[in-house]
Amino acid sequence: MILAVLIAASLYLSELRPSVIFSMAGIAAAAQFLGGLFPPNTSPDFLRLVARATLETVAIGIAGTTLAITFGTLLGPFGASSVMGTRTVTTPTRFLLSFVRSVPDLVWAVFFVRIVGLGPFAGVLAIGVSYGGILGKMYGELLDAAPRSPIEAIAGVGAGRTGQFVYAILPQAWHDLVGYSIYRWECAVRSAALLGIVGAGGLGQEIEISMRMFEYSEVSTIILALILIVIGIDRISALVRRVS
Amino acid sequence: MNLAKRTALITLGGAGILASFWLTWPDAGWTRSSILALLREFVPPAVDPGFLRQTGVAALQTLAMSIAGTALAFLFSFSVAWLSTARRALGWFSRGLFVLLRAVPDLLWALIFVFVAGLGPAAGALALAFHTSGVLGKLFDDTFENVDGRIVESVASAGGSPSAVSLYAVVPQAWAQCISFALYRWETNIRSATIVGVVGAGGLGQMIYTTTNLFQYQRVATLILAIFAIVVVVDHTSRRLQRVYS
Numbered sequence: 001m002i003l004a005v006l007i008a009a010s011l012y013l014s015e016l017r018p019s020v021i022f023s024m025a026g027i028a029a030a031a032q033f034l035g036g037l038f039p040p041n042t043s044p045d046f047l048r049l050v051a052r053a054t055l056e057t058v059a060i061g062i063a064g065t066t067l068a069i070t071f072g073t074l075l076g077p078f079g080a081s082s083v084m085g086t087r088t089v090t091t092p093t094r095f096l097l098s099f100v101r102s103v104p105d106l107v108w109a110v111f112f113v114r115i116v117g118l119g120p121f122a123g124v125l126a127i128g129v130s131y132g133g134i135l136g137k138m139y140g141e142l143l144d145a146a147p148r149s150p151i152e153a154i155a156g157v158g159a160g161r162t163g164q165f166v167y168a169i170l171p172q173a174w175h176d177l178v179g180y181s182i183y184r185w186e187c188a189v190r191s192a193a194l195l196g197i198v199g200a201g202g203l204g205q206e207i208e209i210s211m212r213m214f215e216y217s218e219v220s221t222i223i224l225a226l227i228l229i230v231i232g233i234d235r236i237s238a239l240v241r242r243v244s
Numbered sequence: 245m246n247l248a249k250r251t252a253l254i255t256l257g258g259a260g261i262l263a264s265f266w267l268t269w270p271d272a273g274w275t276r277s278s279i280l281a282l283l284r285e286f287v288p289p290a291v292d293p294g295f296l297r298q299t300g301v302a303a304l305q306t307l308a309m310s311i312a313g314t315a316l317a318f319l320f321s322f323s324v325a326w327l328s329t330a331r332r333a334l335g336w337f338s339r340g341l342f343v344l345l346r347a348v349p350d351l352l353w354a355l356i357f358v359f360v361a362g363l364g365p366a367a368g369a370l371a372l373a374f375h376t377s378g379v380l381g382k383l384f385d386d387t388f389e390n391v392d393g394r395i396v397e398s399v400a401s402a403g404g405s406p407s408a409v410s411l412y413a414v415v416p417q418a419w420a421q422c423i424s425f426a427l428y429r430w431e432t433n434i435r436s437a438t439i440v441g442v443v444g445a446g447g448l449g450q451m452i453y454t455t456t457n458l459f460q461y462q463r464v465a466t467l468i469l470a471i472f473a474i475v476v477v478v479d480h481t482s483r484r485l486q487r488v489y490s
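Which chain is which? The protein sequence lines are E and H, in order.
Mind the numbering: the first sequence is residues 1 to 244 in the numbering used here, read in order.
Mind the numbering: the second sequence is residues 245 to 490 in the numbering used here, read in order.
Certain hints may be false.
For lysine to any residue, the following SDA-like pairs were computed, each having C-alpha atoms within a straight-line distance of at most 25 Å [said to hold, decoys possible]:
1. K249(H) x Y180(E)
2. K249(H) x F95(E)
3. K137(E) x G199(E)
4. K137(E) x A465(H)
Keep in mind the hints are simulated off the structure, nothing from the lab.
Throw the hints in and build the complete structure from the sequences for me.
Shown next as structure tokens:
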């Protein structure tokens, strides 16, 4: 009952009216848009532009994830109680990580576009910060999830906290740490494609520009490039998983 | 995999990372002092009552967008996934539809709906509903497929029609899992709801976009804190509900 009222209120507040969805103007605009998508624009000049933007998107994803892994590696252990053994460090670390994680990457991108200017580097920083928060949290949890008995065994023969970390916690968590980082890299490339909409380079920026100029045939080419990227990174990450 | 191949791949990976930084590196033009000066413009966050009221309304709008989008998606994908348990031909169709819906990211749906339905939260709610329908549809399909076959058979062998089977054997088993998926998507959607705002679909995201363009950084700081607050509230509420329903 409460749920129903809540949902009704939400529908009302988000200004969803039948008149909005089923207005003639809206339907005409949708038809015009969908019709404009075909055929995709395949002029050599535009394809070259899209190829460049695709490369840039992948580069943003890779550089951003590298940055995020660095942040996560630096902060993650400080959020793991099995590594620190005291809450005075883990609590503020976890708060910081949860803050950077709660603010979506696109908002970070708006922020960084202001600071370092338009272009792909803002995207790299945005992914670095927000994914750094996610990775830092997961690294902490994965380190905490390492089975206790080997850690206690090595502590029993006199190893300090550092020894326990290097010889018992890290080796046990290693495989999960790598696997999770790769999974996040996939997500980062997909995000990178969209960050451009606020000016952070890559395919997103091209989508923004084409939409603004009502060049829908260009939009469909870019969407096809997006799909290719998603398939491509799927393959690459499967390869990397096999190697690690 | 042998050592040589492994070394080659690691070298390739390293080169890829270096190339990525090289490709995305900015053309100077910003220095450390200018960044610090810019960062200082974000503090203290703006707290004038008028702006706080605006922020409150926008936060409510973002929240409403996430709830409306998730609820609509639940309604649509649950009914379609449920109907297709009884009709095989419909199953093929719905699977394809779900793939298409989720392949297009919510931000892209938002760009389209801002264009179709105009600026404002309606576009955002629709965008979330479309993308989420695709995600939930796949999850519901899988859930319906993995229900205990013995119960399904016992209803069918007692003479239950296909629709009776899905109503009395499939849905009761899958319901809790479906609710739990929907709650998880709600947590994702509160984040997406702020994101789609940035392209003009209302709420906190739209305000972030306008205030940054007007260089009102202290207001941006307030808005970022507001986003943090509603995300935390939704995460907690969702976990609570999760415990109630499972």
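Checklist entry - Are K137(E) and A465(H) close enough, with their CA atoms no more than 25 Å apart? => result Within the cut-off at roughly 23 Å; holds.
Item to check | Hinted pair K249(H) and F95(E), Cα distance within 25 Å | outcome: violated (42 Å)
Checklist entry - Has the given pair, K137(E) with G199(E), been kept, meaning a C-alpha gap of at most 25 Å? => result violated (28 Å)
Next on the checklist: With the threshold set at 25 Å, check whether the alpha-carbon distance from K249(H) to Y180(E) stays at or below it.
Outcome noted: Distance of about 23 Å is within 25 Å: holds.
In this structure, the earlier hints numbered 2 and 3 are contradicted, and the remaining ones agree with it.
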